[in-house]
Amino acid sequence: TEIIFAKMNLSSAMKCFYLLGTIYIATPLRLRGDTIVNRNTVPPTADVHYRYVERIENIFNDEDVVEEPTYTEESEGLFWDEDPIEESTSLSQVGAVLPFVVSCFAGTDFELKAEGTCNMSNLLTAMQNKIDEASSSPCPNSAEEELIALLLDASNIADAEDLIKHACQTWFDHASDVEYLSYDPKTYAFLKEYFDGGTYWNEDRETLLESGDGTATKVLNDDASGIKDIYNDVAQTRGIEFPHEMENFQDCTVGAAMCCWVQDRQANDANGDCATPYDTNCLDSDPMDNTDVCYVDMGRDVRSNYVPTGYAIFARENEGDAHCHGFAWSQDKAAQDYRYRGNNLFYVSMYDHLYTRGYVRAVPGSPMCGCVEQMPVVSR
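First residue of the sequence shown: 55, per our numbering; consecutive thereafter.
Calculated directly from the structure, the hints in this document are not laboratory data. Ideal Cβ placement from N, Cα and C applies to all residues, glycine included. Hints may be right or wrong, so weigh each one.
Computed spacing ranges between beta-carbons, pair by pair [unchecked claim]:
no., residue 1, residue 2, range
1, 418, 387, 19 to 27 Å
2, 239, 366, 33 to 41 Å
3, 418, 299, 23 to 31 Å
4, 169, 264, 46 to 54 Å
5, 269, 179, 55 to 63 Å
6, 362, 269, 41 to 49 Å
7, 305, 244, 45 to 53 Å
8, 299, 331, 36 to 44 Å
9, 331, 305, 37 to 45 Å
10, 387, 363, 30 to 38 Å
11, 391, 278, 22 to 30 Å
EDC-like cross-link-like pairs, simulated, lysine to aspartate or glutamate; straight-line CA separation at most 16 Å [to be verified]:
no., residue 1, residue 2
12, 387, 216
13, 246, 295
14, 184, 198
Generate the whole structure from the sequences, applying the supplied hints.
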């Protein structure tokens with residue numbers, strides 16, 4: 055998925071930044087739009103400071119604020135501030151004052167893309183690549199110097215890193231509003247019941263006995279066809295909301311979730327022992343056994359099982375066949391596995407194990423899917 059800061063949209067390849075002369079963001083990174091000095095005409099004194107035109111553009115309120123200090127034209131193409139800036143003047147007092155490092159790319163149209171996690175390290179790598187590619191007009195700056203020179207609000211690398219971190223986080227905070235597929239509030243009760251191990255997705259079985267003409271009803275791939283549509287049209291190219299407000303996923307303190315299934319409802323998929331004819335060979339079928347359920351603490355999630363306390367211990371594999379699949383994510387909100395943990399939940403719980411394999415129903419006393427703190431203790 056491509057996070058494009060200038061356009062605020064997503065496309066097919068995993069990218070982090072797309073910087074033009076100005077970044078469009080909720081709290082904008084302010085870039086130097088017009089370079090007032092030319093490196094070839096810089097005077098020999100290294101303690102001279104220059105002012106630049108500030109450009110701030112905000113995608114959310116369409117403001118275009120341009121503040122232009124007064125300049126007088128001097129010799130050799132330099133533009134000097136009418137009120138010279140004293141050496142003792144702090145950056146906070148003058149705002150957009152830049153020590154003597156002139157950006158190579160300010161005021162030009164250029165693209166800067168960094169693959170991977172949205173962070174300073176990847177952006178500097180992309181900046182260095184951009185500098186290395188500037189063969190027609192070599193740039194003498196390092197990646198750090200060029201980035202500091204571009205950012206109006208950075209006077210050192212620590213400032214720049216703080217700005218980039220804040221910009222990444224700002225985009226992530228707004229991304230669910232503009233790009234992520236959200237769960238419909240109207241289906242909240244259904245989804246909660248599904249993650250607890252209920253609804254017709256978990257409870258129905260394909261049958262030939264209801265139609266009267268021998269036509270199969272309660273076919274999983276028909277009843278849950280919307281899952282395939284989301285997988286094909288959304289899940290591989292856009293983010294999916296992680297339902298962190300749902301009780302099953304509210305308190306994932308360790309940053310991991312898991313699903314466990316104890317039945318199989320779909321035949322002919324090389325997973326589990328459900329077989330045809332369904333009415334005789336798929337009434338209480340098991341999934342492929344990939345774990346041992348050790349015990350269930352029923353007090354871990356009373357909002358799913360409605361049992362205030364109690365436990366069940368399963369010794370010597372007497373729990374029967376069970377299949378569990380978990381996934382974890384970083385505590386860094388900029389990390390890909392954190393941003394797309396909702397996609398992983400959709401894939402694990404709905405597409406891969408329900409729609410593709412037909413695995414259903416929860417270990418008694420626990421939810422079918424939830425934070426690992428709420429789930430049964432299993433061997434793997």
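Hint-by-hint comparison with the structure:
no.	hint	in the structure
1	418 - 387: 19 to 27 Å	35 Å, violated
2	239 - 366: 33 to 41 Å	34 Å, holds
3	418 - 299: 23 to 31 Å	26 Å, holds
4	169 - 264: 46 to 54 Å	52 Å, holds
5	269 - 179: 55 to 63 Å	59 Å, holds
6	362 - 269: 41 to 49 Å	45 Å, holds
7	305 - 244: 45 to 53 Å	22 Å, violated
8	299 - 331: 36 to 44 Å	42 Å, holds
9	331 - 305: 37 to 45 Å	44 Å, holds
10	387 - 363: 30 to 38 Å	35 Å, holds
11	391 - 278: 22 to 30 Å	26 Å, holds
12	387 - 216	15 Å, holds
13	246 - 295	14 Å, holds
14	184 - 198	12 Å, holds
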